[in-house]
Amino acid sequence: MSIIIFMILGAMVLALVGLAAFIWSLRSGQYDDPAGAAARVLLDNDRPT
Amino acid sequence: MTALAPGCPSGLATTSADTVTQDPAAFVTEASGKRSLDLMIRGASCAGCISKIETALMRLSGMHVARLNLSTGRMRIEWTGGLAARRIVETIVGLGYGAAPVDPGQTDSAATRPEKKLLIALTVAGIATAGVMLMSEALWFGTDLPAETRTQLHWLSAMISIPATLFSGRVFFESALAAIRRWQLNMDVPISLAVLLALALSLHATITGGAHTYFDASVMLLLFLLTGRYLDARLRRQAYAAANALASLQTTSATRLGAKGVAEAVRASDIRPGDRLLITAGERLPVNAEVLRGESEADLRLVTGEVEPVRIFSGQTLYAGSVNLSAPIEVRALAQASQSLVADIARLLEAGEQKKSSYRRIADKAVAAYVPQVHAMAALGFVGWLIAGAALPQATFIAVTVLIITCPCAIALAAPLVQVVAAGRLFREGAYLSSGDALERIATVDHVIFDKTGTLTLGDPVLIQTGVSSDQLAAAAQLARASRHPFSRAIARSAGAGPVAQGVQEHGGRGVSGFIDGRAAMLGRAEFVGANGVDGAHLWFAIKGAAPVMFEFEDRLRPNAKAAVDELRAMGLTVELLSGDSPERVERAAAAAGIAEWRASATPQFKAERLQQLERAGTKVLMVGDGLNDAAALAIAHASLAPGGAVDVSRLASDCVFSGESLASVPRIIAIARKARRRIRENFAFATVYNLVAIPIALLGWATPMVAAIAMSSSSAVVTLNALRLSAGRKAAAEASI
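Same order as they appear, the protein sequences are chains A and B.
Here the working numbering is used: the first residue of the first sequence is 1, the next is one more, and so on.
Here the working numbering is used: the first residue of the second sequence is 1, the next is one more, and so on.
Read the hints as simulated data drawn from the structure, not as lab findings.
No false leads were slipped in.
Facing chain A, according to a computed beta carbon distance under 10 Å, are these residues of chain B, among others:
#1 A47
#2 T123
#3 M135
Derived lysine to aspartate or glutamate pairs resembling EDC-like cross-links, with alpha carbons at most 16 Å apart:
#4 B:K544 with B:D517
#5 B:K117 with A:D32
#6 B:K544 with B:D471
#7 B:K34 with B:E78
#8 B:K116 with A:D32
#9 B:K116 with A:D33
#10 B:K620 with B:D446
#11 B:K562 with B:E597
All C-beta atoms in this analysis are idealised placements derived from N, C-alpha and C, irrespective of residue type, glycine included.
Excised from the complex, chain A in its bound form:
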């Protein structure tokens, strides 16, 4: 049964990675301008800043 402990701990680590990724994306302003992000895809001369 000890395998389940490792599996659960592994799942928890993966969840923490996902959580960290989400917090990073939120902090780096990726949701600050959803309308602009959707529109900028259509521009061929945009330069990421």
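Start from chain A and add chain B according to the hints.
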């Protein structure tokens, strides 16, 4: 030369007719040779707009950063070198967009911070709930689990839920602590108690090898509650963004004339009484002022609601908010910006907002009734079981179960969910809500007051062609295209695109003159073109060798105005017209719209007083208005609506902005608000019934952690589904009304 068509290339947004040119130099911040400016852009709505504005700005010399945030309408500009800030704004305005400088002190990040904090807390609670549930499934259904494995799973649950709860629950703990310090009870007190007691109890059970733990319940409770909080915060932030835009409208600048006639740009807030100011054509007056020199015309639509421009002559007093139309004038400031009309209105707005925030929401009333009862029940259960001979841990367990199972999830979600769904529904129909409780207020109104110019009518005068040939119209349009006068614009609109006459000259306050095919032509007031006639809602046009002709104008009613008024009456509301325009015109508009009660020549103060008077009489008024002169009334009113074309202040002062020309939106919005109110009440009724059933179960000690989890999530689901019913309204009916 082929010039780009002005404004949004996709036609999604209306082209800004913004010609108000103010010098943004006063708002530029400079740091180590780099200059930066924040602008509020109006009229941008698509990728084409971003590309058009940003490309044009990047072509200016020394430009480093020009980035438009399409969601907020804010634009960040950074550059080095001697480029004048004025050039930047002129470039944007030249493209057909509106641009106003924003005070660098007001940043967006401050407004979004609490929301981001909630979102992170919500995510943590969500991931933790998923993790703990993994274990709970095994614990609930694995009835033959060895005690050792059960304890292991309990410890794993504790590892996830204790840090997650302490982190995500901070919002509630802090608020509860603050309330207790003031000897008060709020919703967060029972929430914090339930969560923390559940954790402590579960930890105790884990250590002693007990069978039941509430780790899953504590994180799940936070997940549901945080969902409600987050949705609520988002609605609030949108309202805050609106208020921020108001502040950016106030931070205007002006051109001050120094001792030797040297012009300098100053912030409106720096203007002192006695300063000499130069107001160019198209500029809005920042302060109340007396005209010193120059002849022009002023558009007072925002100040008084009068459609017809008024002549300006020296010695005349003008109010802040008037727009100078044709020629530059020199004025002497009579008051500081903070004491001028716009500021008066802004103050009234503030007072109104405060009044509105003191409105007691249905949710708050429910909480006030709920909290003491649940606490009393929990205490009763604790004492009752102790008296009945139960051990202390068991009595505590019962009391905590009562707190958890009567979890305020359903109550906390009942109102925000309905409001978010209703706001989404309104959004699809072209109406934008400023705050959640606005819906509750709109639902309870019993009297509707319309403004005339721009609200009941379209606001822009249109040409009514009586006895004017198309040749004459085309000729007049050549002069009209060069003028900012609303009547000239109506002529230009009606004639369509075409050439402009040569050598066009504006004669301040009287008209324009120029040459068409070498012949002298004039467009303006009767005496200006040499015609016999009275001044009114018309313009005269004369070309050498022909008799003058008259163009007549009219402010048309919005489509469906009468139908909308009839519908409002059918909904049991009374309707009134309150306008700053002349009695004859107001009477005519009232008759056309089928409104029996009307008042004309109303000043902003009168409008506000009328509303206060009605309010004192206990009438709940819905104000519908668009002008600067309506802003105070909009803020004071129990609830308010503004059409999309309204000035910023009024849009911000109102609870809901509707787009489109048709007035049919007004009864639709009220209908949806009433429906939303019904849903909220149903939700609270359900939550009450649920508690009536759940409390005895918990008190009798029948509730296991599984029962608690199922009860909690199903009650939240019922409330959510009931809220979603609003969204699934009859689409056919909505389409038919368009």
